[in-house]
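The working numbering applies: residue 255 is where the sequence shown begins, and numbers increase by one.
It should be emphasised that the hints constitute simulated quantities derived from the structure, not laboratory data.
Ideal Cβ positions, reconstructed from N, Cα and C, are used throughout, including at glycine.
Please note: incorrect hints may appear among the correct ones.
Claimed, not checked - Simulated DEER-style distance windows between Cβ atoms: (1) Thr265 to Lys286: 32 to 42 Å; (2) Glu287 to Thr265: 26 to 36 Å; (3) Pro283 to Ala258: 57 to 67 Å; (4) Pro283 to Val262: 43 to 53 Å; (5) Lys268 to Pro299: 54 to 64 Å; (6) Pro266 to Gly292: 43 to 53 Å; (7) Ile261 to Glu287: 44 to 54 Å; (8) Ala258 to Arg298: 36 to 46 Å; (9) Ile260 to Lys282: 25 to 35 Å; (10) Pro299 to Phe277: 39 to 49 Å; (11) Val279 to Pro299: 20 to 30 Å; (12) Tyr291 to Asp267: 33 to 43 Å; (13) Gly292 to Pro271: 29 to 39 Å.
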Amino acid sequence: MVSAAIIVWPTPDKTPPEWFAEFEVSRKPTLKERFRYGFVRTYRPC
Numbered sequence: 255m256v257s258a259a260i261i262v263w264p265t266p267d268k269t270p271p272e273w274f275a276e277f278e279v280s281r282k283p284t285l286k287e288r289f290r291y292g293f294v295r296t297y298r299p300c
């Protein structure tokens, strides 16, 4: 017999505010990524 787990997610009004702060920080690109995409590289044949 297979048992299913029920996952209960907190509703937005019950979500701790520090979670939102962590999500905002984690979705920002890292400094390395910003430098990588910050400069446009074009192909220029010599």
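Tested hints:
1. Hint check: Thr265 to Lys286, Cβ distance near 36 Å, so the stated range 32 to 42 Å holds.
2. Taken as a hint, the range 26 to 36 Å holds for the pair Glu287 and Thr265, whose Cβ atoms sit roughly 32 Å apart.
3. At roughly 37 Å, the beta carbons of Pro283 and Ala258 sit outside the given window of 57 to 67 Å.
4. Checking the proposed 43 to 53 Å range against Pro283 and Val262 shows it is violated: the Cβ atoms sit about 32 Å from each other.
5. Judged by the Cβ atoms, the range 54 to 64 Å given for Lys268 and Pro299 holds: they are separated by roughly 59 Å.
6. The supplied range of 43 to 53 Å is broken by Pro266 and Gly292, whose beta-carbon atoms lie about 34 Å from each other.
7. Between Ile261 and Glu287 the beta carbons are some 31 Å apart, a value that contradicts the proposed interval 44 to 54 Å.
8. Taking 36 to 46 Å as the suggested C-beta distance range, the pair Ala258 and Arg298 does not conform, at roughly 58 Å.
9. About 33 Å separates the C-beta atoms of Ile260 and Lys282, a value consistent with the hinted range of 25 to 35 Å.
10. Separated by about 45 Å at the C-beta atoms, Pro299 and Phe277 satisfy the suggested range of 39 to 49 Å.
11. At about 42 Å, the beta-carbon gap between Val279 and Pro299 misses the expected band of 20 to 30 Å.
12. A hinted range of 33 to 43 Å for the beta carbons of Tyr291 and Asp267 is consistent with their spacing of about 36 Å.
13. Taking 29 to 39 Å as the suggested C-beta distance range, the pair Gly292 and Pro271 conforms, at roughly 31 Å.
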